[in-house]
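Respectively, the protein sequence lines represent chains Z and C.
First residue of the first sequence? That's 23 in the numbering used here, and the numbers climb one at a time after it.
First residue of the second sequence? That's 23 in the numbering used here, and the numbers climb one at a time after it.
Honestly, the hints are just simulated from the structure, not real lab data.
Take these hints with a grain of salt, some might be off.
Any copy, or any two copies together, can satisfy a pair, since identical chains are not distinguished.
Straight-line alpha carbon distances no greater than 27 Å define the calculated BS3-like cross-link-like pairs of lysine-lysine that follow [unchecked claim]:
(1) Lys487 <-> Lys577
(2) Lys577 <-> Lys104
(3) Lys53 <-> Lys395
(4) Lys512 <-> Lys577
(5) Lys395 <-> Lys244
(6) Lys487 <-> Lys553
(7) Lys577 <-> Lys553
(8) Lys554 <-> Lys594
(9) Lys166 <-> Lys30
(10) Lys594 <-> Lys487
(11) Lys104 <-> Lys30
(12) Lys555 <-> Lys594
Okay, here's what each chain looks like letter by letter:
Number of protein chains: 2
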Amino acid sequence: MNPLLDDKTIEFLLYDVLDAEGLLKLPAFAKHSRETFDMVIGNARKLARTALFPVYREMDQSPRFEGGRIFLHPKMRDLYPKLLELGLAPATRGEDVGGQSLPLMIDSVAQTYLCAANLGVASFVILCRGPAHLIEAFGSDALKKKYMEPLYAGEMTGTMALTEPHAGSSLADLTTTATPTGDGDYLVRGQKIFISGGDHDLTENIVHLTLARIEGAPAGTKGISLFAIPKLRDGKPNDVHVAGMVHKIGWKALPSLIMSFGEQNACRAELVGEPHQGLMYMFQMMNEARIGVGLAAAATATVAYHEALEYARTRTQGRTLGQRGGPQIPIIAHADVRRMLLRQKAITEGALALVLLTARYADVAESGDERAKLMLDLLTPITKSFPAERGFESNALAVQIHGGYGYSSEYLPEAWLRDQKLNTIHEGTTAIHSMDLLGRKVMAKDGAALRMLLGEVETSIGEAKTAGVPEALVARLATAAATVADTTMKLAALGMGGDPEAMMRHSVDYLEMMSTFVVSWLWLRQATAAKKKTGPFYEGKLRAAQYFIETELPKIAHLAHLCVTAEDSYAKMTDEMF
Amino acid sequence: MNPLLDDKTIEFLLYDVLDAEGLLKLPAFAKHSRETFDMVIGNARKLARTALFPVYREMDQSPRFEGGRIFLHPKMRDLYPKLLELGLAPATRGEDVGGQSLPLMIDSVAQTYLCAANLGVASFVILCRGPAHLIEAFGSDALKKKYMEPLYAGEMTGTMALTEPHAGSSLADLTTTATPTGDGDYLVRGQKIFISGGDHDLTENIVHLTLARIEGAPAGTKGISLFAIPKLRDGKPNDVHVAGMVHKIGWKALPSLIMSFGEQNACRAELVGEPHQGLMYMFQMMNEARIGVGLAAAATATVAYHEALEYARTRTQGRTLGQRGGPQIPIIAHADVRRMLLRQKAITEGALALVLLTARYADVAESGDERAKLMLDLLTPITKSFPAERGFESNALAVQIHGGYGYSSEYLPEAWLRDQKLNTIHEGTTAIHSMDLLGRKVMAKDGAALRMLLGEVETSIGEAKTAGVPEALVARLATAAATVADTTMKLAALGMGGDPEAMMRHSVDYLEMMSTFVVSWLWLRQATAAKKKTGPFYEGKLRAAQYFIETELPKIAHLAHLCVTAEDSYAKMTDEMF
Chain Z
23 MNPLLDDKTI EFLLYDVLDA EGLLKLPAFA KHSRETFDMV IGNARKLART ALFPVYREMD
83 QSPRFEGGRI FLHPKMRDLY PKLLELGLAP ATRGEDVGGQ SLPLMIDSVA QTYLCAANLG
143 VASFVILCRG PAHLIEAFGS DALKKKYMEP LYAGEMTGTM ALTEPHAGSS LADLTTTATP
203 TGDGDYLVRG QKIFISGGDH DLTENIVHLT LARIEGAPAG TKGISLFAIP KLRDGKPNDV
263 HVAGMVHKIG WKALPSLIMS FGEQNACRAE LVGEPHQGLM YMFQMMNEAR IGVGLAAAAT
323 ATVAYHEALE YARTRTQGRT LGQRGGPQIP IIAHADVRRM LLRQKAITEG ALALVLLTAR
383 YADVAESGDE RAKLMLDLLT PITKSFPAER GFESNALAVQ IHGGYGYSSE YLPEAWLRDQ
443 KLNTIHEGTT AIHSMDLLGR KVMAKDGAAL RMLLGEVETS IGEAKTAGVP EALVARLATA
503 AATVADTTMK LAALGMGGDP EAMMRHSVDY LEMMSTFVVS WLWLRQATAA KKKTGPFYEG
563 KLRAAQYFIE TELPKIAHLA HLCVTAEDSY AKMTDEMF
Chain C
23 MNPLLDDKTI EFLLYDVLDA EGLLKLPAFA KHSRETFDMV IGNARKLART ALFPVYREMD
83 QSPRFEGGRI FLHPKMRDLY PKLLELGLAP ATRGEDVGGQ SLPLMIDSVA QTYLCAANLG
143 VASFVILCRG PAHLIEAFGS DALKKKYMEP LYAGEMTGTM ALTEPHAGSS LADLTTTATP
203 TGDGDYLVRG QKIFISGGDH DLTENIVHLT LARIEGAPAG TKGISLFAIP KLRDGKPNDV
263 HVAGMVHKIG WKALPSLIMS FGEQNACRAE LVGEPHQGLM YMFQMMNEAR IGVGLAAAAT
323 ATVAYHEALE YARTRTQGRT LGQRGGPQIP IIAHADVRRM LLRQKAITEG ALALVLLTAR
383 YADVAESGDE RAKLMLDLLT PITKSFPAER GFESNALAVQ IHGGYGYSSE YLPEAWLRDQ
443 KLNTIHEGTT AIHSMDLLGR KVMAKDGAAL RMLLGEVETS IGEAKTAGVP EALVARLATA
503 AATVADTTMK LAALGMGGDP EAMMRHSVDY LEMMSTFVVS WLWLRQATAA KKKTGPFYEG
563 KLRAAQYFIE TELPKIAHLA HLCVTAEDSY AKMTDEMF
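Extracted from the complex, chain Z is given alone in its bound form (with noise of 0.2 Å):
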């Protein structure tokens, strides 16, 4: 049986390397204890294990649509409210609005267990939560009411309605309009593209928070306003159509849709907050969604990881090296299996672990504490990315452990392969976020977030001296700080020198010289936390911290070299080159 994921190493990450029980500290979460968090963490590995996993392959299908409407596959009906009894949707909310106050690294953790079993039915809890906590943060009272309140209790779902077909990231060029009704409200017309979400069977109503341009409003980014737009309004159709069915490789119990507002210009809108304030609202919310997709890759890499590792454990073949007759072997035994395997280990829990320590900033941040947002800004991009890139690769490997049968859908890594796919693009691609580290978060305050890790680093490996990590690991971190450092004066130097495209060009490559140090740096406290226990758990994970730090975090070495030399054969192909 597939654990989904190691519960020891959830408990090692928590409480003896990323400190989860220091967050009691914090008057925000004073009324919890570990034993509130375990029960939580309880709670959703039970309902993961028990119900969600089961019967994942089978809802592994695109939803049907017909007549207009979405029926999403049959199962859910009976998942959903089990889902609901978790009160994951509102738990990292105050109990003002039915929450419990969970830190969100604790609410991550459970989230991730549901993640890692079923990925469309976890993903209910975010069609609940999302739009919720934005009109929380937002919108009137009445919207609260109205819409906040039963999003909460699941009562209705709802969507975020960014994307529209001619646009893509570029949001600055949408051109769904809104024009006011005289009555206080509007009405909304335009068509969104890849909406989660956007119609199904399971509640009656659902919100559709839409970003459209008020008639009149400023060209580009300034001019959005968003809109909290009902499926039904006062229980009568509101003129939001189904306009298609996106047909998804994977994630596929969650229906993405083309969504059509206004087609009889009878689809009405209310304004959430200002007007022309809509992408500032959205973006605000945007941190947590895109730890959320770190998340979600962590959990798809994590769970093939174990599908793969109890495969080569029990599947027998062939003999070690130079070995003649005498029963077949766990593959496990061949070194390149072993390789594959420390490799996806070395991946998973390091996303697991990445993607734990930025909700932990998240929810020190929200304390209050500037230093904890500075670096859950800096964290965000690479959280968002590095999961959704190395999982990918890592998925890809259980695949090849399993060999012919890993080509087939009789066995379920291929699923995972193609679920996982999608994380390096929503939410913003691997591009964008590479853009957004290194233009705007590294950049920002003069390098205070960048100088902020380095000082954490610091004392990381401080930290790691004293526990006797080897030497030879403790020196790669040091080292790979300095290229960081390095790296990063010498592009803000060709940025200020009046070449950004020279600067921005190996974005790309830069954010994975960051992601593998900070990963690296993860994987450094955990040999830490590792060497104060014994037994082969603790001696796996110094392996797996070996694995990392001997033989990715060189590789930054060169990514560096072509970001400050700002290597230049793509800048220089035209389109009649290719």
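Use these hints to put chain C onto chain Z, whose structure you have.
Relative to chain Z, chain C alone:
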């Protein structure tokens, strides 16, 4: 319209870089000319573009398995005769068996067009050719008449029935038995898995070239014999059954089956060649099969590259860095999209060059040239692996460039991503080929093959200098050659020093180092050829060479370090540490 491959690139590789015309000097190819080469290629290209590619997507589904029989997609019935008309099944063989004595190099180009267009359909060339060639090489005249002739004519297809469910890549453990009947035939019993084309409704008969153990044969690989097992014998069923169909995730038009022989103990087989020589026979045909995998991988990556390129040229989104207002620009204008496209170009055209180079060595080796045979053997595991491993990465980039659309089956890149994954697995996994390369190919004859390769690279370096290829690129190749030589010597010393486990531990890293080196060499040769011409097409080749040599080649230093230090993280992992 997707061109599948770029015709001008093919012309460039064949005639400007890899001297296809030089083959005309060999007696075997004396009747040919550039005109006959181009005619064969032109016919395949036309069929690929006009008939195979237009139905690729609709044929991307599993065949029907009903009443113990396999029914292919109905379109296959139209396409199969057209495929046969190209005459490719026997093309590389002599006129005595209906062939054209066509160089494998030219045949490979023709096949690459077909594979790029529609992998499942194109595979039927190989289902005829492979078994026919095996019987031509090792079968009696009677067997040739009975099987080889109809196979080359496409009146019958064949299979290579090696793998068994419990043994996978470990052929020594196969248990299918063959019992002499006393009249010269054998009764075969056993089960085989992953048998491509094991049943279908295209031809009346199918012959299974099956590895089995004659009763009383020695254990291990030395007791394996090769048998011809027809589906129908004298028009009657020969106790050959489809026990199941593997639901592959890609390459779907071609069925992959579990075949059961002798369930009623009435499956008659004829021995091919001598007893106990089966594996040797099979492996003598393997080079071509492995080049074939590299070819299919290069084709699958290339067609996706062209799809992404066309999408990037026509899809508009966003603006250049710092620009506000004005119309959206084609995404090819974004630096990171150009990076992804140039990466795909460098990988796919590098892979194509590698496949054609190796095929050319096979052609020269066929004429009895021992040096060419050494190079062929050395390059085969690289040609099997690089296009598959990097091709998968390239296919994922094609999805990424398509953004959210790439994640849907409304667009084609996702299908090629699925098709591609098989190539790192079948005909020996990447790990198996890495052991073949390091344990056998580079070590054979005291390293003669590697010395020859290094000599060739030195020659190319001289030519590059003369042609005026930038000194920086040339210097990188020289450094890399030294790294390769040094790493190999140190690994050999490890092995001879009594630690073969440490020597082989990083065989996959060694393979990656060698692959990157060889493909960089091929890019240097392309740069040299491009330097002699002018225009954007050749500029593009120079940029791609720069990209690969500046971005990829320096990575081998770290791979070499892992190899020679025998980095031991996964070597030390025990089962319970995971």
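Hints, verified against the model:
Only within a single protomer do Lys487 and Lys577 lie at most 27 Å apart by alpha-carbon distance; the minimum there is 23 Å, versus 29 Å between protomers. In the homo-oligomer, the alpha carbons of Lys577 and Lys104 never lie at most 27 Å apart, since the shortest distance is 45 Å inside one protomer and 50 Å across protomers. For the homomeric pair Lys53 and Lys395, the shortest alpha-carbon distance inside one copy (23 Å) is at most 27 Å, but the shortest distance between copies (75 Å) is not. When the C-alpha separation of Lys512 and Lys577 is checked against a cutoff of 27 Å, the pair qualifies both within a copy, at 19 Å, and between copies, at 22 Å.
When the C-alpha separation of Lys395 and Lys244 is checked against a cutoff of 27 Å, the pair qualifies only within one copy, where the shortest distance is 24 Å, while the shortest distance between copies is 67 Å. Taking the shortest alpha-carbon separations for Lys487 and Lys553, only the intra-copy value of 10 Å comes in at or below 27 Å, while the best inter-copy value is 54 Å. For the homomeric pair Lys577 and Lys553, the shortest alpha-carbon distance inside one copy (26 Å) is at most 27 Å, but the shortest distance between copies (32 Å) is not. For the identical chains of this complex, Lys554 and Lys594 are inter-copy neighbours only, at 20 Å across copies versus 52 Å inside a copy, given an alpha-carbon limit of 27 Å.
In this assembly of identical chains, the alpha carbons of Lys166 and Lys30 never lie at most 27 Å apart, being 40 Å within a copy and 63 Å across copies at closest. With identical chains, the CA atoms of Lys594 and Lys487 are at most 27 Å apart between copies only, with a shortest distance of 22 Å across copies and 46 Å within one. Taking identical chains as interchangeable, the C-alpha atoms of Lys104 and Lys30 lie at most 27 Å apart only when both belong to the same chain, with a minimum of 25 Å there against 60 Å between chains. For the homomeric pair Lys555 and Lys594, the shortest alpha-carbon distance between copies (18 Å) is at most 27 Å, but the shortest distance inside one copy (54 Å) is not.
When each numbered hint is compared with the structure, violations occur for hints 2 and 9.
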